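Participant: Protein sequences, first through last, are from chains F and A.
Just so you know, we're using numbering that gives the first Met the number 0 here: the first sequence kicks off at 0 and counts up by one.
Just so you know, we're using numbering that gives the first Met the number 0 here: the second sequence kicks off at 0 and counts up by one.
A couple of the hints might just be wrong.
Unchecked claim - Mimicking EDC-like on lysine to aspartate or glutamate, the simulated pairs with C-alpha atoms at most 20 Å apart in a straight line are:
| no. | chain 1 | residue 1 | chain 2 | residue 2 |
| --- | --- | --- | --- | --- |
| 1 | F | 100 | F | 188 |
| 2 | F | 66 | F | 188 |
| 3 | A | 14 | F | 194 |
| 4 | A | 70 | F | 149 |
| 5 | A | 73 | F | 194 |
Said to hold, decoys possible - In silico contact screen, one side only, chain A against chain F (beta carbon under 10 Å); selected entries:
| no. | residue |
| --- | --- |
| 6 | 11 |
| 7 | 20 |
| 8 | 31 |
| 9 | 34 |
| 10 | 38 |
| 11 | 44 |
| 12 | 68 |
| 13 | 69 |
| 14 | 71 |
| 15 | 79 |
| 16 | 83 |
| 17 | 90 |
In short, the hints are calculated from the structure, not lab data.
Every value quoted in this text rests on a predicted model; they were computed, and no experiment measured them.
Here a beta-carbon is modelled for each residue, glycine too, at the ideal position from N, C-alpha and C.
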Amino acid sequence: MSEIATSEAAHPAHLQHHFDSLQEQSQVASLGMWVFLVTEILFFGGMFTSYLVYRSTYPDAFAIASKHTVILIGAVNTAVLITSSLTMALAVFASSEGNRKSTVNFLTATWVLGFTFLVLKGIEYTIDFHEHLVPGAGFQMAGTNPGHAELFFSLYFIMTGIHALHMIIGLSVLLVILYMARRGDFSPEYHSPVEVMGLYWHFVDIIWIFLFPLLYLIDRHR
Amino acid sequence: MAIEHTETTEHVVPKRVYYTIFVILMVMTYTTVQVAYFDLGRFNAVAALLIAFFKASLVVLFFMHVKYAPKLIKLFVLGGLFWLAIMLGITMTDYMTRTPQEFPMSRVNTVQPLPAAHVPTALLG
Numbered sequence: 000m001s002e003i004a005t006s007e008a009a010h011p012a013h014l015q016h017h018f019d020s021l022q023e024q025s026q027v028a029s030l031g032m033w034v035f036l037v038t039e040i041l042f043f044g045g046m047f048t049s050y051l052v053y054r055s056t057y058p059d060a061f062a063i064a065s066k067h068t069v070i071l072i073g074a075v076n077t078a079v080l081i082t083s084s085l086t087m088a089l090a091v092f093a094s095s096e097g098n099r100k101s102t103v104n105f106l107t108a109t110w111v112l113g114f115t116f117l118v119l120k121g122i123e124y125t126i127d128f129h130e131h132l133v134p135g136a137g138f139q140m141a142g143t144n145p146g147h148a149e150l151f152f153s154l155y156f157i158m159t160g161i162h163a164l165h166m167i168i169g170l171s172v173l174l175v176i177l178y179m180a181r182r183g184d185f186s187p188e189y190h191s192p193v194e195v196m197g198l199y200w201h202f203v204d205i206i207w208i209f210l211f212p213l214l215y216l217i218d219r220h221r
Numbered sequence: 000m001a002i003e004h005t006e007t008t009e010h011v012v013p014k015r016v017y018y019t020i021f022v023i024l025m026v027m028t029y030t031t032v033q034v035a036y037f038d039l040g041r042f043n044a045v046a047a048l049l050i051a052f053f054k055a056s057l058v059v060l061f062f063m064h065v066k067y068a069p070k071l072i073k074l075f076v077l078g079g080l081f082w083l084a085i086m087l088g089i090t091m092t093d094y095m096t097r098t099p100q101e102f103p104m105s106r107v108n109t110v111q112p113l114p115a116a117h118v119p120t121a122l123l124g
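Pulled out of the complex, with its shape left as it was, chain A reads as follows:
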């Protein structure tokens, strides 16, 4: 087991850090609820997700001690996020570049049936 040995035996984070993070998380929760009522167009989703990422990062780094953890644990956390990015990224590049008719759900709901030899409408111009 190649687990690196850190200099100190215990990474006791001062209690004050936990309380500070807690206050920031609560303020951010209040902020995200307030922001949701303003019409920012498509930036409502962006703002909500940025705040969520910020909150999650604080929890991971401080409450879950990843900031003070051995490099191996940091690598595993980043690895998890990397694979999540692959799933979200590649799935969405596929769906975002298709015509709506090709979704299974909307196929049920569209009025006109698909032609026998189906060519994506995007290619037909």
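This is chain F alone, in the form it adopts within the complex:
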């Protein structure tokens, strides 16, 4: 990107030449992220559809299998992710006010919370592994058709695994945004990267908001 060194006031440093204004540029950046998120909605939507089809086919096996998920870790992780969404929203707010210290602090808090989620998820996977819930030769489940219960856990591991992959990608990009924020790249006029990072982060939170009831809660009463 070529930058015009002469008049900073007439042409802000971060404004690229094909945009009329910084405002238009930031709206296009948000729109671009939304286009990506729409593809993500349909990507996860495919998995939610398979879940729905097999859950309606084997309701009893899915009910018994889903009661083996660790509800405490699932619930705590939901709270952790919602809190990380709050700190992310506050980081975007701070960057739009040009508050560098606050931006860095809230982004750091978001990163720590995101990492906490993954650690808890790792502990949960370990418990699942020890309880023979991983599909394959070692899978065991009493009281129902093990093949159908195995289907539930295949979907559980694929859906939570791909969600976790999104968390890992989010945490990696967050490190870059954190570095830029520390360097002082953002201002009230230009903070699109933080805003767009926020959109992605909240989206990953929303996926978990649906995964938690579908995988842990729906048949808990049975």
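Put chain A on the given structure of chain F with help from the hints.
Facilitator: Just chain A now, kept in the frame of chain F:
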């Protein structure tokens, strides 16, 4: 690029809004866990999903600023949901109106083999 220009340059949502949404989300998480232990029959799934939709809407509207976003962004969000509804809706109308024997998985597990000229049992009455 026909991006509409909003009146104000920045849509700074008051901080108080974020904290309020956060509290509602936490209360809803607690509620959905508690509700899951009551036997509401098939309404357990309905309640859990309604709460999830409510929580997701709050995140989209306030944390993701869609409430304050240009109409073009709103259109894209609705477009995504519309296509998701097509995928879920049409897929489920298909599966819900078939006999279980026609599922690939249950075909493996059913005892009796399918007849050579297979007619859906629903049609046979």
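Participant: Can the restraint linking residue 100(F) and residue 188(F) be considered satisfied, given a maximum Cα separation of 20 Å?
Facilitator: Holds, at about 17 Å.
Participant: Need the status of pair residue 14(A), residue 194(F): alpha-carbon distance at most 20 Å?
Facilitator: Holds - the C-alpha atoms of residue 194(F) and residue 14(A) are around 15 Å apart, at most 20 Å.
Participant: Verify the interface restraint on residue 69(A): the C-beta must sit less than 10 Å from at least one C-beta of chain F.
Facilitator: Holds, because the Cβ-Cβ distance from residue 69(A) to chain F comes to roughly 6 Å (cut-off 10 Å).
Participant: At a threshold of 10 Å, is the proposed contact between residue 44(A) and chain F supported by beta-carbon distances?
Facilitator: Hint on residue 44(A): holds, closest Cβ of chain F at ~5 Å, below 10 Å.
Participant: Against chain F, run the beta carbon of residue 68(A) and see if the smallest gap drops under 10 Å.
Facilitator: At 7 Å from the nearest chain F Cβ, residue 68(A) passes the 10 Å test, so the hint holds.
Participant: With 10 Å as the cut and Cβ atoms as the points, is residue 71(A) at the interface with chain F?
Facilitator: With Cβ-Cβ at 6 Å, under 10 Å, it holds.
Participant: Holds or violated: is the Cβ of residue 11(A) closer than 10 Å to a Cβ in chain F?
Facilitator: 6 Å, holds
Participant: Next item in the hint list is residue 90(A). Is there a CB on chain F closer than 10 Å to its CB?
Facilitator: Result: holds, 5 Å to nearest chain F Cβ.
Participant: Compare the distance between the alpha carbons of residue 66(F) and residue 188(F) with 20 Å, and conclude whether the hinted pair is satisfied.
Facilitator: 50 Å, violated
Participant: Let's test the interface hint: is any C-beta of chain F closer than 10 Å to that of residue 31(A)?
Facilitator: 6 Å, holds
Participant: Hey, does the residue 83(A) contact hint survive, CB to chain F under 10 Å?
Facilitator: 5 Å, holds
Participant: Using Cβ atoms only, decide whether residue 20(A) comes closer than 10 Å to chain F, and label the hint accordingly.
Facilitator: Result: holds, 8 Å to nearest chain F Cβ.
The structure is inconsistent with the numbered hints 2, 4, although it conforms to all the rest.
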